[in-house]
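Put chain B on the given structure of chain A with help from the hints.
Number of protein chains: 2
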Amino acid sequence: MELWFTEEWLKGLRISVKVDSVVYSTQTEYQKLAIYDTKQFGRMLVLDDVIQTTECDEYIYHECLAHVPMFAHPNPENVLIVGGGDGGTLREVLRHPTVKKATLVDIDGGVIEASKRFLHQWNSGFSDPRANIIVGDGLEFVSNADSEYDVILVDATDPVGPGEVLFALDFYRSVKKALKPGGIMSAQTESPIAEPAVVKSIWDRVRSVFPIARLYTSPVPTYPGGWWSYTAGSTGPEPMVPLRKPGDDWGLKYYSPEIHERAFVLNPKMQKDIGVYDQGGDHR
Amino acid sequence: MELWFTEEWLKGLRISVKVDSVVYSTQTEYQKLAIYDTKQFGRMLVLDDVIQTTECDEYIYHECLAHVPMFAHPNPENVLIVGGGDGGTLREVLRHPTVKKATLVDIDGGVIEASKRFLHQWNSGFSDPRANIIVGDGLEFVSNADSEYDVILVDATDPVGPGEVLFALDFYRSVKKALKPGGIMSAQTESPIAEPAVVKSIWDRVRSVFPIARLYTSPVPTYPGGWWSYTAGSTGPEPMVPLRKPGDDWGLKYYSPEIHERAFVLNPKMQKDIGVYDQGGDHR
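One line per chain: the protein sequences are A and B, in this order.
Just so we're aligned, residue 105 is where the first sequence starts under our numbering, counting upward by one.
Just so we're aligned, residue 105 is where the second sequence starts under our numbering, counting upward by one.
Pulled out of the complex, with its shape left as it was, chain A reads as follows (with noise of 0.2 angstroms):
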């Protein structure tokens, strides 16, 4: 007998992927949680039937969502991220000696928990004395925040289930007040190849809230279009400028400065597809 994983990436579009073993499968408060391992993507994180972190590419993911903002910023001490709850934003935001303090809040606990169980790659930054793990909401959380944080990450699943209000207008504007000022945030922003309409209407909210919105993509072959964006919105600093390097015992496989600058160059369709220029390179 064959297991085999089945993803439905948009409507007529699937990816399949053998499973070798169910390592852990549960229903939690919000959402049902499987993880198993396969050949071909190693271990993998899944939520409500979406893939959400394989061991083959939930680096360069990670790398580009936390170190993006954490080297545009001059000196980031104080990092809240929302969501992220498998950990691998929040260990590569340890990484950064600056930082004193990073505050994660993910609504659902069983994520967190199934991390520290089973998903080794990611859970190290749990165990760090900076990290501060909080169970709960965390578009209330940001609410109650003002001037707070340097850097903050939205690692939010899909805008669909609990992850919706993460993409919110109401939301980018609380989270940029909880940022101190000259703060920078990043979030997940979809597949900008698969899905532009959706990466569009975030873009034009998050570019309502900041006076300075960027969009950078990576590669992330294990979602949807193997295409993935991010946005960044600042009050200070220029994102598409890293300001310090990882060093070399960081063991980094997708960021690099060089990297980070060539994220923000766009192509002329998705330029014109999201309403994205004045990175460098308008082909209007």
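Note that these hints are calculated values from the structure, not bench results.
Hints should not be assumed to be uniformly reliable.
One copy or two, either will do: identical chains are not told apart, so a pair holds if it fits within one copy or between any two.
Stated by the list, open to error - With a Cα cut of at most 27 angstroms, we get these calculated BS3-like pairs of lysine-lysine:
#1 Lys349 to Lys204
#2 Lys143 to Lys376
#3 Lys376 to Lys357
#4 Lys280 to Lys205
#5 Lys376 to Lys349
#6 Lys143 to Lys373
#7 Lys220 to Lys281
#8 Lys115 to Lys357
#9 Lys205 to Lys136
#10 Lys115 to Lys205
#11 Lys136 to Lys204
#12 Lys373 to Lys122
#13 Lys115 to Lys143
No experiment lies behind these values; they were computed from the predicted model shown.
Coordinates of chain B only, in the frame set by chain A:
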């Protein structure tokens, strides 16, 4: 009833796309050929059950393969395309007003015929008076050429089946001999994330033949891993530097001078996996 096309991207990894209609299906002299209409990928050409080119993303592949070497060459007049029977690469080459003659050699006349009948988005170049279309063995054709071409583009199928010989060391030697002094070649060289060992073995061959070898990448969502590589070999010009710009009226959707330069920036893991350094940002 629903009809789905499923491709085995790698062992234990499949992509499936719902087929709205079978446009054409035949057995050519060399391979099984099918053209399907699908919602997610648009019209697509399938050879021996492997997706070759789709309406939704062929522009990325063809613009990258063609325009990077074409714009890095100071004056490409005589161009050779090996493979590429669908016509997409030819279409892009012929956008360059410098081109006096573009020869396309594909071993499978069935692919060219199918494109002329059904692949309207791809086939405009076949009727251009500068196009010289030859049904024949690309390997043999190139072997018989000597200092003839400014640019040679290797638009091969995967390195199994009829396309295999177009990845061999002897073939690259013939390509170098077929180029005029100061010529540039570019080849599609598989997925750097799904099959880094394959990319590395091709890279090592190209690098052993050409004094200047450069690897560049782009997303191609419908190819395995969603991320593709191309290798440029040059006996003169630097492939990383575009010398001219496309006209606004070309309507390019992926290529721009900024994308050209960005495409050569490789992340640390890829540099290490494939052994490509010295393209800026050497992260050993």
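Verification of the hints:
1. Taking CA atoms no more than 27 angstroms apart as the test, Lys349 paired with Lys204 passes inside one copy only; the shortest distance there is 18 angstroms, against 48 angstroms between copies.
2. Taking the closest pair of Cα atoms, Lys143 and Lys376 come within 27 angstroms of each other only across two copies (22 angstroms); inside a single copy the shortest separation is 38 angstroms, beyond that limit.
3. Within a single copy, Lys376 and Lys357 get their C-alpha atoms only as close as 31 angstroms, which misses the 27 angstroms cut-off; across copies the closest is 9 angstroms, which meets it.
4. In the homo-oligomer, the alpha carbons of Lys280 and Lys205 lie at most 27 angstroms apart inside one protomer (19 angstroms), although the nearest pairing across protomers, at 57 angstroms, exceeds that limit.
5. Taking the shortest Cα distances, Lys376 and Lys349 sit within 27 angstroms of each other only across copies (19 angstroms), while inside one copy they are farther apart (32 angstroms).
6. For the identical chains of this complex, Lys143 and Lys373 are inter-copy neighbours only, at 19 angstroms across copies versus 35 angstroms inside a copy, given an alpha-carbon limit of 27 angstroms.
7. In the homo-oligomer, the alpha carbons of Lys220 and Lys281 never lie at most 27 angstroms apart, since the shortest distance is 31 angstroms inside one protomer and 58 angstroms across protomers.
8. For a Cα distance limit of 27 angstroms, the shortest separation of Lys115 from Lys357 across copies, 25 angstroms, qualifies, whereas the shortest one inside one copy, 33 angstroms, does not.
9. Taking CA atoms no more than 27 angstroms apart as the test, Lys205 paired with Lys136 passes in neither setting, with 31 angstroms inside one copy and 59 angstroms between copies.
10. When the C-alpha separation of Lys115 and Lys205 is checked against a cutoff of 27 angstroms, the pair qualifies neither within a copy, at 42 angstroms, nor between copies, at 43 angstroms.
11. Taking the closest pair of Cα atoms, Lys136 and Lys204 never come within 27 angstroms of each other, the shortest separation being 34 angstroms inside a single copy and 61 angstroms across copies.
12. Proximity of Lys373 to Lys122 under the C-alpha cut-off of 27 angstroms is restricted to the inter-copy arrangement: shortest distance 25 angstroms between copies versus 34 angstroms within a copy.
13. When the C-alpha separation of Lys115 and Lys143 is checked against a cutoff of 27 angstroms, the pair qualifies both within a copy, at 26 angstroms, and between copies, at 9 angstroms.
Figure legend: structure checked against the earlier numbered hints; hints not met, in rising order: 7, 9, 10, 11.
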